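**Student:** These are the residues of each chain, in order.
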Amino acid sequence: MLHTVNKSPFERGSLDSCLRLSKKGSAILLMEDGVYGAMSGTTVSDIVANAVKDNSVYVLGPDMKARGLAEGQLIDGIKVVDYAGFVDLVANNDGVTPWL
Amino acid sequence: MLHTVNKSPFERGSLDSCLRLSKKGSAILLMEDGVYGAMSGTTVSDIVANAVKDNSVYVLGPDMKARGLAEGQLIDGIKVVDYAGFVDLVANNDGVTPWL
Amino acid sequence: MKFGILVNEGPFTHQASDSAYQFVKAAIEKGHEVPRVFFYYDGVYNANKLSAPQADDRNVVKRWSDLAIEKDVDLVVCVAAGLRRGIVEDNLMDGFRISGLGQLTEAAMGTDRLVMFGD
Amino acid sequence: MKFGILVNEGPFTHQASDSAYQFVKAAIEKGHEVPRVFFYYDGVYNANKLSAPQADDRNVVKRWSDLAIEKDVDLVVCVAAGLRRGIVEDNLMDGFRISGLGQLTEAAMGTDRLVMFGD
Amino acid sequence: MAEYNFETEGVKKTITFLNRKAPYGTIYALEVLESVLISAAFEQHANIVFVDDGVFQIKKGQDTADLEMKNFLPTYGIIEMEKEDADEDEDMDMNWRIIVEKESMEARGLTPDDFKVTVEVLSSAELADVLATSDAVIGG
Amino acid sequence: MAEYNFETEGVKKTITFLNRKAPYGTIYALEVLESVLISAAFEQHANIVFVDDGVFQIKKGQDTADLEMKNFLPTYGIIEMEKEDADEDEDMDMNWRIIVEKESMEARGLTPDDFKVTVEVLSSAELADVLATSDAVIGG
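Protein chains in written order, with my numbering: chain Y, 254 to 353; chain A, 254 to 353; chain D, 12 to 130; chain C, 12 to 130; chain R, 425 to 564; chain B, 425 to 564.
It is worth saying that the hints were derived from the structure and are not from the lab. Note that the structure is a prediction, hence the values are computed from the model and not measured. Note that CB positions come from ideal geometry on N, CA and C, so glycine has one too. A hint or two may mislead.
Said to hold, decoys possible - A short, non-exhaustive set of chain B residues, derived as facing chain Y with CB atoms under 10 Å:
(1) K445
(2) T450
(3) L461
(4) A464
(5) T488
(6) N495
(7) S528
(8) L534
Claimed, not checked - Simulated restraints on C-beta separations:
(9) A:A323 x B:T542: 50 to 56 Å
(10) R:E431 x C:N70: 49 to 55 Å
(11) D:D77 x R:A489: 16 to 22 Å
(12) R:S548 x Y:T296: 34 to 40 Å
(13) Y:D347 x R:G485: 37 to 43 Å
(14) R:T535 x C:E81: 26 to 32 Å
The task is simple: from the sequences and hints, build the whole structure.
**Tutor:** Structure follows, in structure tokens:
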């Protein structure tokens, strides 16, 4: 199952709910304002770094670039994908759960 | 200054931001989905009960009723107002800061 | 006292427009003056005269229009926000008019309180 | 593979419609099929042909319309959500059609993946 | 651009409706119900799930008269009836579940008695299994 | 229904624009800028405040080309210029402040160097004073 999270983890509970209600080994894509969750050095970085241990965490590159976030700021283990990579994630997982 | 909070404190940071950025002695009105913050027995009740000590906290009655919340469930010290009371709060404070 | 009102969300999806309407009605009933309601962002959709809600639901667009006409409230739709979203003279409900953002600044300057409703 | 798409927010205010468009474009480029995009809730505003964004901004409504025509994507606006919000045949952009919610269920049933974009 | 015709004959999927938003502040709670009901016309399996503030959608005693807004609550009664009809009709292959997440419910000081409809209360881990085995998930 | 004419001659107010939302996920960041700029035409005092995810609005290096969305960032440069013009022009009674809340900035791992415009960094308590003395607050 692919889980998509499009909300900032500083303002909304979407990422928390996603992590609570996804099984270990899930694919999680941070997109739109959700990409802020991929940054190191913030108050939510530890939660996301922990999630990386048990899941495959991705971040949508075009959304990062739009918001001025550099790949050097990413939490270790998070993979950057473009829209083509997003499409592959949808195709290669057996469904999509949106955490909007 | 009257502060209006219309977001659920379970899902959004609006109430936290309001409490952090309002001066002691402010008037705070919980309205729309913000009324859930007025309920006792929840994970956010302590924060709101604390806010009641330093501020005048109000909740919009019609929004409570719509959501099936009873006055008996309210945190002590929170006052219920209707729209006429909301109007009075706006008139009697020297401005309105919206936490939307 | 004079209140200016800012509505930033459209009808139905968010409660903002409902809350603003109930507030304006209560303010006028208490003898206050509400010279202007300014519709910004998705708030411009409140002026879409093609809106036709189900019979068992409130008609948000018509309700604003009636209030404007009966209580002489100046309902202003932001021209830039409206153009972007396709709210223009062609589909503008009676009782609304389209104008610039300066009308919001004026409402902030010329009233005792500005009250904002949004998401 | 076949993808069904659900868009729940209007243009400009939320990124959902942009994200959905970029996803659909990428999916088609990769050889997948996107037979239907269903517009629900405020998503119906994506079909408002009166939308006229500034020259330096993208034209969300026209972009969907072009995609539908060029790539043969079935763009369906929910009739009930549209009526409530005033998106009807009168202001419907080319390339969109209005139909019932059953068309969403069908898209969930008849595709390999349903991908939702919203707020 | 042309109308697309899906082959849905004999297709049976499990659609999960993931309700995470409070009622009235936004309309999502109401409009998603319409999509739940329509899936019954296609005899699809459905999980109607209430998580986070979505659990407030089915709180008893909602009275919207003062707001002049449409009350969402009666529609949940219709959904419960649809479910009961499907459960009782042996010729009907349609399995509906109405599920509340325990953690969300408890964080908000609610118990199953607070709800307008009869619900299954599942732990986060149990609900994660339900989501993982859904064919399509529609959030609201 | 009729156009209302406000008496604004000689009126000088302090309008606070309270920006709390991240850019691009929603349009609020962009459209509020238009209302900030128009207030300059009326020579009003303004506090342009960035709190919560609003601090991301002025993060350097935004590049929206891949998204085909309008880049919000250049407009902040215009606002900074308007402020500088007003500061330098002794005949102009218009005081603008561009303010970031320290707590919001630090929680997001940002420093003043990350911002496109020069900002005043205020503590929550200091910012509470600014809000409390505003004549009107417009959230975005």
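**Student:** Please go over all the hints and tell whether each is borne out by the structure.
**Tutor:** Do the hints match the structure? See the list:
1. About 8 Å separates the beta-carbon of K445 (chain B) from the nearest beta-carbon of chain Y, less than 10 Å, and the hint is met.
2. The criterion of a C-beta within 10 Å of any C-beta in chain Y is met by T450 (chain B), whose closest approach is roughly 8 Å, and the hint holds.
3. Because the closest C-beta pair between L461 (chain B) and chain Y is about 22 Å apart, greater than 10 Å, the hint is violated.
4. Evaluation of the A464 (chain B) hint against chain Y yields a violated restraint, the C-beta minimum of about 26 Å exceeding 10 Å.
5. At its closest, the beta carbon of T488 (chain B) sits 4 Å from a beta carbon of chain Y; the interface hint therefore holds under the 10 Å criterion.
6. Interface restraint check: N495 (chain B) against chain Y, minimum CB-CB distance 8 Å, threshold 10 Å, status holds.
7. At a threshold of 10 Å, the smallest CB-CB gap from S528 (chain B) to chain Y is about 8 Å, leaving the interface hint in force.
8. Below 10 Å, beta-carbon pairs count as interface contacts, and L534 (chain B) has one with chain Y at about 9 Å; its hint therefore holds.
9. As the Cβ distance of A323 (chain A) to T542 (chain B) is approximately 51 Å, the hint placing it in 50 to 56 Å holds.
10. Range check, E431 (chain R) to N70 (chain C): Cβ separation about 34 Å, and the 49 to 55 Å hint is violated.
11. For the hinted restraint 16 to 22 Å between D77 (chain D) and A489 (chain R), the CB-CB distance of approximately 19 Å keeps it satisfied.
12. Checked against the hint of 34 to 40 Å, the pair S548 (chain R) and T296 (chain Y) fails, with Cβ atoms roughly 23 Å apart.
13. With their beta carbons about 40 Å apart, D347 (chain Y) and G485 (chain R) fall inside the hinted range of 37 to 43 Å.
14. Take T535 (chain R) and E81 (chain C): their Cβ atoms lie about 55 Å apart, and the range 26 to 32 Å is violated.
The structure fails hints 3, 4, 10, 12, 14 (numbered hints given earlier, in ascending order).
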